[in-house]
Amino acid sequence: MASSPLAHGAHHHPALAHQFDTMEQQKESSTLGMWLFLVTEIMFFGGLFLTYVVYRSRFPAAFLLASNSLNVLLGGINTAVLIGSSLTMALAIWAAQVNWRKGIVIFLLATIGLGSTFLVIKGFEYHDKFVEHHVPGPNFNFVEENPNVHIRQIAARDPNLGRHASIFFSLYFIMTGLHATHMVIGIAVLIVMVVLSWKGKYDARYYNPLEMTGLYWHFVDIVWIFLFPLLYLLGAHAAR
Amino acid sequence: MNTSAAATPEPTTAETAFERPNYLNAVYGVRSWLLTRDHKRIAILYLISVTIFFALGSLMAALVRLELLTPEGDLMGPDTYNRVFTMHGIIMVFFFLIPAIPAVLGNFLVPLMIGAKDLAMPKLNLASWYVYNIGAAFTLWAIFNGGVDTGWTFYTPFSTNYSNTYVVSTALGIFITGFSTIFTGLNFIVTIHRMRAPGLTWFRLPLFIWSTYATSLIVVLGTPVIAITLLLVGAERLLHLGVFDPKLGGDPVLFQHLFWFYSHPAVYIMILPAMGVISELVAAFARKRVFGYKFVAFASVGIAVLGFLVWGHHMFVAGESVYAATIFSVLSMLVAVPSAIKVFNWTATLYEGSISYETPMLYALGFIGLFTIGGLTGVMLATLGIDVHVHDTYFIVAHFHYIMVGGTIMAYLGGLHYWWPKISGKLYPNFLSRLSALLVFVGFNLTFAPQFVLGYLGMPRRYWSYPPEFQVLNVLSTAGASILGVGYMLPLFYFIWSMRYGRKSGDNPWGAVGLEWDTTSPPPTENFYTMPVVTQGPYEYNREEVHNRLTQEAPLG
Amino acid sequence: MAEHVTSRKVYFLVFAALIVLTVVTWLVAQVDLGWANDVVALTIAVTKAVLVLLFFMHVRTSTRMTILTATAGFFWLVILIGLTLADYLTRGSSWLPVPGK
Amino acid sequence: MNPQLPLFPESASALSGEVDLLFSIWCVISVFFSALIAGLILYFMTRYRRRHPEDVGANERAAIWLEVGWSVIPLAIMLAMFAWGTRVFFRIYRPPKDAVQFSAIGKQWMWKVQHPGGQREINTLHVPVNQPIRVTLASEDVIHSFYIPAFRVKQDAVPGRETSIWFQATKPGTYHLFCAEYCGTEHSRMIGWVIVMEPQDYENWLAGGATGKSMVASGAELFQSLACVTCHRAGNAGDTGRVARGPALEGLYNRQVKLADGRTIIADDNYIRESILTPTAKIVAGWEPVMPTFQGQVSEEQLTELIAYIRSLGPAGSAPAGGGQP
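So the protein sequences, as listed, match chains A, P, U and R.
44 is the number that the working numbering gives to position 44 of the first sequence; each next residue is one higher, with no gaps.
532 is the number that the working numbering gives to position 532 of the second sequence; each next residue is one higher, with no gaps.
53 is the number that the working numbering gives to position 53 of the third sequence; each next residue is one higher, with no gaps.
79 is the number that the working numbering gives to position 79 of the fourth sequence; each next residue is one higher, with no gaps.
Check each hint, because a few of them may be wrong.
[To be verified] DSS-like cross-link-like pairs, simulated, lysine-lysine; straight-line CA separation at most 25 Å:
(1) 247/P / 112/R
(2) 129/A / 27/A
(3) 9/U / 102/A
(4) 129/A / 247/P
(5) 201/A / 102/A
(6) 27/A / 117/P
(7) 247/P / 97/R
(8) 504/P / 27/A
(9) 199/A / 123/P
(10) 201/A / 123/P
(11) 107/R / 247/P
Hint data in this document are derived by calculation from the structure and do not stem from the laboratory.
Could you put the whole structure together from the sequences, leaning on the hints where they help?
What follows is the structure, encoded as structure tokens:
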């Protein structure tokens with residue numbers, strides 16, 4: 001992402017960094033660099049997916065009931081919103097490739113809008129969880145105050161249900177929280193991109209940073225594509 | 001690696017080397033150093049930071065060894081001792097051994113050895129140094145406020161529920177410094193793939209580049225996992241998001257899986273660059289191609305890949321299932337094969353070579369001997385029957401010190417001595433440097449050989465006080481540590497001394513072959529006056545123009 | 001630098017496919033199929049991820065090096081999960097008598 | 001060896017001899033390879049030292065067979081040692097049937113040892129010689145590790161789980177007991193002694209020492225006081241007209257049990273422990289999940305006693321073995 005436009009000889013594109021020989025070499029280098037960063041992100045979230053797999057295999061019942069208490073509708077809407085933002089991000093890059101400068105700004109703003117919608121919806125979900133005392137910690141209370149009679153029956157026989165459910169909620173908050181943090185970082189980068197596109201920095205000959213932001217954004221979308229079924233749809237079939 | 005373009009503007013005699021602009025005298029002032037994007041200057045910045053932390057870690061080691069002089073802990077209380085050995089572990093592992101060779105020697109040499117003007121992302125490289133220092137600041141803040149007493153392994157539930165020390169700020173420090181390693185690793189992979197000189201195919205690359213490449217693969221694939229693990233520990237301590245808490249049904253062994261998934265490949269992050277340095281030293285001072293170049297190159301990549309499959313051998317007695325222990329044990333035997341290949345190939349390189357005993361070569365030969373012992377004891381530990389007895393004893397402490405101190409630090413010092421003329425354009429005093437190599441070798445063996453015996457006798461690790469019958473061996477070990485300390489002090493002094501008063505070294509004092517030796521010492525900011533074109537494989541000593549050059553310049557040794 | 005430009009139509013098609021797959025996975029989740037639920041949910045998620053990778057992230061038209069990097073990333077994730085499960089699945093169950101552990 | 005400078009640990013258990021042999025063979029192999037490498041280096045250093053400053057090394061001839069040789073031979077040696085090591089490992093972790101049950105509970109900075117007869121000791125363990133002893137380990141706080149160097153055995157006590165180790169002392173004497181997994185401030189003080197005695201001395205010690213009720217007897221008592229017997233009755237409905245509401249436990253230990261969800265598992269310690277604390281986890285086929293939990297009502301020691309009692313219940317019909325093993 002060494003994109004500082006160093007004036008370096010007339011025939012070079014202004015955005016070619018001094019240590020590269022051709023724009024092609026610079027683009028391939030930054031793409032490879034970005035993909036390597038995404039590999040670190042895969043392993044970063046991978047640790048959490050491993051924890052999820054291990055604990056779900058140890059406490060299937062508790063995970064099922066805890067997942068049941070999540071608002072699947074909001075989760076589904078969020079998934080659609082995020083897929084939409086991936087579309088607008090891809091269209092932003094398409095706009096750059098066809099030299100439609102205004103289009104870049106439009107689609108980037110759309111992506112930021114959809115991303116913010118996702119975070120707002122996520123805020124509502126967290127608020128609900130907070131109100132229902134499902135946030136692990138001193139006042140975590142999944143069993144006693146739970147309106148669902150079914151849960152209290154099972155809890156009578158399995159006192160650890162509450163504790164095992166708190167592990168599910170810990171994982172839920174860590175995974176979705178980390179994902180939301182990545183969304184916030186993505187939106188910040190997108191805002192920078194909007195400003196630079198507005199100034200006309202990017203066109204068909206040079207839109208590298210846009211491509212990199214796109215790769216990052218699509219990756220964050222893929223993480224959510226896996227989070228949604230694993231966290232929300234796990235207990236969908238169980239009786240409400 | 002002869003290069004037709006080696007002709008610099010005027011003949012490189014020692015005197016004129018300094019008048020011509022080089023990366024040291026190109027710009028002056030603190031800003032030119034703190035905001036530099038030149039990989040060579042960033043390497044020097046790293047050299048300073050890493051040396052400071054090596055000194056701090058060594059101080060902690062000295063305190064540990066002094067404490068263990070007597071069976072009853074009478075130098076400091078048990079709490080202080082626990083914090084001192086923990087800080088020794090954390091500083092040495094995360095702030096010295098992992099960054100040392102890649103960030104100092106790697107940063108300086110990778111562009112030079114592949115004929116590039118700089119790394120692919122110079123700004124990211126500078127960011128890597130700043131991120132290292134920010135992480136270091138958190139850890140130093142924790143140390144000065146009392147440090148952490150969980151051991152460098154942070155095992156739960158002790159680190160999450162039972163330790164009331166600065167676990168979160170130390171974990172945050174390591175988390176941030178992890179990113180500096182990722183930035184460097186990422187930079188190296190992209191540079192080695194995309195910015196090699198024309199004609200420099202993969203099998204013409206020096207072996208130091210192969211091993212730095214393999215190390216960067218491990219860094220990129222492994223470091224994020226310890227980042228998430230430390231994040232989980234922080235989340236559990238601060239936000240009660242208890243994932244490893246046994247009272248909630250959490251499993252402490254799962255923490256160990258996540259921790260060792262990174263921490264075993266991390267020991268290969270520490271040893272692989274050292275192996276790369278040794279391949280260079282052995283080739284340069286035997287003036288001969290490394291025996292079985294392709295085998296040594298692929299052995300590096302093999303270690304990087306197999307290194308990820310063996311972490312379970314740290315948990316044979318930790319409650320892991322018996323069958324998983326068997327799987328990890330056989331995989332640990334496999335990962336030892338590439339290391340064996342390397343040792344045999346280095347030894348075979350010496351056959352029919354023209355060997356000189358300069359200081360770097362003394363360090364290299366010391367490395368081969370000590371690494372062999374370290375590797376063989378490692379395979380002993382991979383054998384299930386023995387590990388049950390010696391796990392968590394001083395046998396393990398001796399094993400990994402033979403690899404890290406006998407291996408990585410010997411190679412780091414050998415590499416510094418070998419490329420110091422290239423870095424500073426100066427020579428260090430010959431006798432003192434050979435003395436330091438000897439002191440390090442003797443001091444090291446006297447420190448850690450007794451610990452093998454202590455380990456098999458059953459003295460557990462991390463003990464503040466121990467049964468009296470272990471005292472004699474511990475006193476021997478402390479004596480060795482003092483010799484080792486002196487051995488490490490010497491280079492610090494004569495390197496600084498040589499910057500000011502050392503003889504000028506000329507461009508290629510050892511008469512070595514390599515792209516980095518084809519340019520001036522110290523090299524210009526853009527590394528090469530005219531970009532090199534590579535037509536030969538590495539270490540081609542047996543050629544006409546090399547012979548003439550050697551007779552003409554009459555190099556050292 | 002006018003290398004391959006994916007047309008708008010393709011992007012909208014991929015978007016539609018992703019939305020459809022989301023609805024499908026939601027519907028399948030309503031029915032209790034036991035362990036099959038997880039298999040179906042994961043295959044749908046993987047197909048959606050591959051769609052995003054190939055079209056939105058242009059992996060289809062990028063260099064072999066990028067494809068290698070992406071697959072290596074996911075393969076290492078499989079190593080992490082696979083070998084750890086090797087421990088958890090063999091800790092003691094009926095078909096595998098475990099001595100004393 | 002003089003006591004001031006021991007160089008090799010005492011070998012005082014049935015398996016310690018084989019572990020030492022395994023270790024010694026590895027030492028011989030290591031010395032051989034180290035000497036080979038060091039010798040070659042020293043020889044080459046003197047034979048091919050540089051005589052004139054401009055000398056260069058000869059071009060080496062590639063030797064594939066050499067490369068293959070020093071890959072395959074070390075691998076073969078390592079795999080052989082792996083196989084032997086694994087055999088020893090499985091013997092270390094497979095207790096013989098007639099092993100006597102001890103229990104050791106790690107608590108921050110002490111080992112609480114309990115004999116089958118109920119005697120309790122802190123940081124010391126009196127055991128009869130030549131008798132296989134199985135020590136089940138549990139921890140009340142952090143991870144500890146039960147380590148007896150003279151017997152070459154070690155096993156972590158992981159909180160929330162029950163692990164175990166066995167040994168058979170072959171030489172009377174006093175041996176070190178260490179905690180090998182770092183557990184905090186007094187980690188180095190969490191040590192003690194294993195005192196191996198002749199069987200006769202052991203009996204005297206047992207008689208003389210604090211002979212509380214045997215673990216099995218106090219387990220039986222608990223079985224009554226906690227009203228387990230109301231559901232798990234010896235013999236079913238036939239004799240009292242009321243249908244027993246829980247599966248009979250006679251002869252249950254180490255027997256295949258078919259569960260409601262189709263799995264069959266072995267009723268080992270962990271299964272019994274889990275069924276007492278979380279009954280619905282593994283419900284037996286054909287029985288209603290009505291058993292209340294005893295989580296929080298039963299302490300660690302009482303749990304071990306209950307398990308010992310259930311373990312001691314012979315096949316149906318025989319009177320519950322009050323006495324249990326010595």
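Okay, the hints, checked on the actual structure:
For the hint pairing residue 247/P with residue 112/R, the CA-to-CA distance comes to about 20 Å; that is within 25 Å, so the pair holds. A C-alpha spacing of about 44 Å is found between residue 129/A and residue 27/A, which places the hinted pair above 25 Å, so the restraint is violated. Note on residue 9/U and residue 102/A: the hinted pairing holds, with a Cα-Cα distance of about 20 Å set against a maximum of 25 Å. About 23 Å separates the Cα atoms of residue 129/A and residue 247/P, which keeps this hinted pair within 25 Å; it holds.
Distance check on the hinted pair: residue 201/A and residue 102/A sit about 12 Å apart at the alpha-carbon level, within 25 Å; holds. For the given pair, residue 27/A sits about 17 Å from residue 117/P by alpha-carbon distance, which is consistent with the 25 Å threshold. Only pairs whose Cα atoms come within 25 Å are accepted, and residue 247/P paired with residue 97/R is rejected, the gap being roughly 32 Å. The straight-line distance between the Cα atoms of residue 504/P and residue 27/A is roughly 42 Å, outside the 25 Å bound, and the hint therefore fails.
Of the pairs offered as hints, the one joining residue 199/A and residue 123/P holds, with about 23 Å between alpha carbons and a cut-off of 25 Å not exceeded. About 20 Å separates the Cα atoms of residue 201/A and residue 123/P, which keeps this hinted pair within 25 Å; it holds. Distance check on the hinted pair: residue 107/R and residue 247/P sit about 15 Å apart at the alpha-carbon level, within 25 Å; holds.
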